[in-house]
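Asker: So you can see what is in the structure, the chains are spelled out below.
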Amino acid sequence: MSAKKPPRLAGLGRRKKLVVVCLAIVCALIAVGLYAWQSQPVPEAGASVTTAEGKSRQEIQDELDAIVRDNMMTISVAPVAQLQEGGKLRVNVQNVQDNKFPQRFRVIQNDETIYESGVVEAGKTVETCPAGDIQEGEAYIEIQALDAKTYDTHGNPTRVKVRVAQAEG
Amino acid sequence: MNTPMNLSGARALAVGAGLTLALAMGAAPTAAMAEVRVGTTDVTVKADISNVSFKAPTVIPFAAKADGTLVGPSDKTITIDNLSAYGIHVTNMKVTAKNDWTIVADAKTGSAQNSIDFKVGPDKAEKDASSATQTTGLDLSKDANFDMKYQGIADGTDKIKLSVSGHVARVTRDIYHATGTGDQVASITWTVEPGAHATS
Numbered sequence: 001m002s003a004k005k006p007p008r009l010a011g012l013g014r015r016k017k018l019v020v021v022c023l024a025i026v027c028a029l030i031a032v033g034l035y036a037w038q039s040q041p042v043p044e045a046g047a048s049v050t051t052a053e054g055k056s057r058q059e060i061q062d063e064l065d066a067i068v069r070d071n072m073m074t075i076s077v078a079p080v081a082q083l084q085e086g087g088k089l090r091v092n093v094q095n096v097q098d099n100k101f102p103q104r105f106r107v108i109q110n111d112e113t114i115y116e117s118g119v120v121e122a123g124k125t126v127e128t129c130p131a132g133d134i135q136e137g138e139a140y141i142e143i144q145a146l147d148a149k150t151y152d153t154h155g156n157p158t159r160v161k162v163r164v165a166q167a168e169g
Numbered sequence: 001m002n003t004p005m006n007l008s009g010a011r012a013l014a015v016g017a018g019l020t021l022a023l024a025m026g027a028a029p030t031a032a033m034a035e036v037r038v039g040t041t042d043v044t045v046k047a048d049i050s051n052v053s054f055k056a057p058t059v060i061p062f063a064a065k066a067d068g069t070l071v072g073p074s075d076k077t078i079t080i081d082n083l084s085a086y087g088i089h090v091t092n093m094k095v096t097a098k099n100d101w102t103i104v105a106d107a108k109t110g111s112a113q114n115s116i117d118f119k120v121g122p123d124k125a126e127k128d129a130s131s132a133t134q135t136t137g138l139d140l141s142k143d144a145n146f147d148m149k150y151q152g153i154a155d156g157t158d159k160i161k162l163s164v165s166g167h168v169a170r171v172t173r174d175i176y177h178a179t180g181t182g183d184q185v186a187s188i189t190w191t192v193e194p195g196a197h198a199t200s
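Just so you know, the sequences run in chain order A and B. Here the working numbering is used: position 13 in the first sequence is 13, and no number is missing along the way. Here the working numbering is used: position 85 in the second sequence is 85, and no number is missing along the way.
So here's chain A without its partners, still in its complex pose (with noise of 0.2 Å):
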C-alpha cells in the first residue's frame, strides 16, 4: 500500500487550504472594520470630552460639528396640557418621523414625576396619558432621548414648560 495521497485527494486538500486562507483574510478584514467603526469619535451622551491630539483646530470642529448634526433631535408637544374626562391629560407629544431617536418622556409637576411614558419611536405620537394627580397649573415635559437599538438614556434630556388647563366644553 502507498502512502502517498491519490492525485485527486490531494486537490481537495489545497482547495482546504485556500478556503481556510480566504476566511482568515475575510475575518481580518470584518475586525479591521470593526476597530475601525468602533475608533469613530462618537460621544457617550450629554456633554462629553474626548482627546485631539495631532489634528488642526479646523479637523477637531468638522468632526464635533458632524456629531452635533447627527444628534439634533427635534421635540415637538402640546404647550396647553389638557385635563379631559376619564382622567386624561393631552399631552400630544409627538416624536417626529425625522428624529433618529426613540424617546421617552416624563411628566413633571412640583418637583414630582407624575407619569413616565414606554418608548416612543420615531414617527410615533402619544396624544393623551393619565392625568395621575396633576393639578391646573405649571408642569413640565421632559423628553429624553433613547439609543435606537438599547433604548438606555441618550444625551441631554429637554423640558417643555406647559399649562396644565381643564379642556373647554
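Think of the hints as simulated: they come from the structure by calculation, not from any bench. Glycine included, C-beta positions come from ideal geometry on N, C-alpha and C. You can take every hint at face value.
Partial list, computed: chain A residues near chain B (C-beta under 8 Å): (1) G46; (2) V49; (3) R57; (4) I60; (5) D65; (6) I75; (7) P79; (8) N92; (9) V160; (10) K161.
Starting from the structure of chain A, add chain B where the hints point.
Answerer: Just chain B now, with coordinates in the frame of chain A:
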C-alpha cells in the same frame, strides 16, 4: 416630519376671512348703525393647542487639547431652532456633573482631579456651567438672549447659536475611552417655554 403650526393654508384663510369680515363691518355699516356710531370689532389671535416644536442638540461634544483647552463645535452647528409659528424662549439651564467630573468656575485653580469649566450660550451671553449646577438650575427666564422668534423670520432670530468654550485640568480619567468615544462630563437640561422672555 412634523409640520409646525403656521398661519398658512386653511388657518390663514380663516384669519383672512375674519379680517375681511371686520373690515366689511367697518366699511359698510347698516343704516341703524350709521345713525348711532360706527361699530368696531376687535380681531385677536392667540396660540391654540397646536404643538410647540423646536430642534435641539442631544449632545455637546468637546475635544481637549494637550494644554487642557477645550475645543467645541462651531456655533453655526450647535443651535436650538424654533419650528413654531410663535416665539419660544429658553427659561432654564441645569447642569449635572457625570462620571466623577467636577464642574468648577475655573479648572486651572483648585486641586480637584478631573476638573472642568465650560461656558455655553449665545455669543456674548455664554453661561458658566458651574453656576447652573444648583438644584434649581440657572434661571434664564428674563434673558432676552435666549429668545427665539417665529420660524422662518428673515433675520435668522428663529434660532439661538450656542458658543462653547472651556478647560480641563488634572485629568485622571481615560478620556480616550476604551472604545475611542468621549467621556461624558455632564448632562445639560434645557427648559423651553412658548413665548418671549419675562419682562418683570
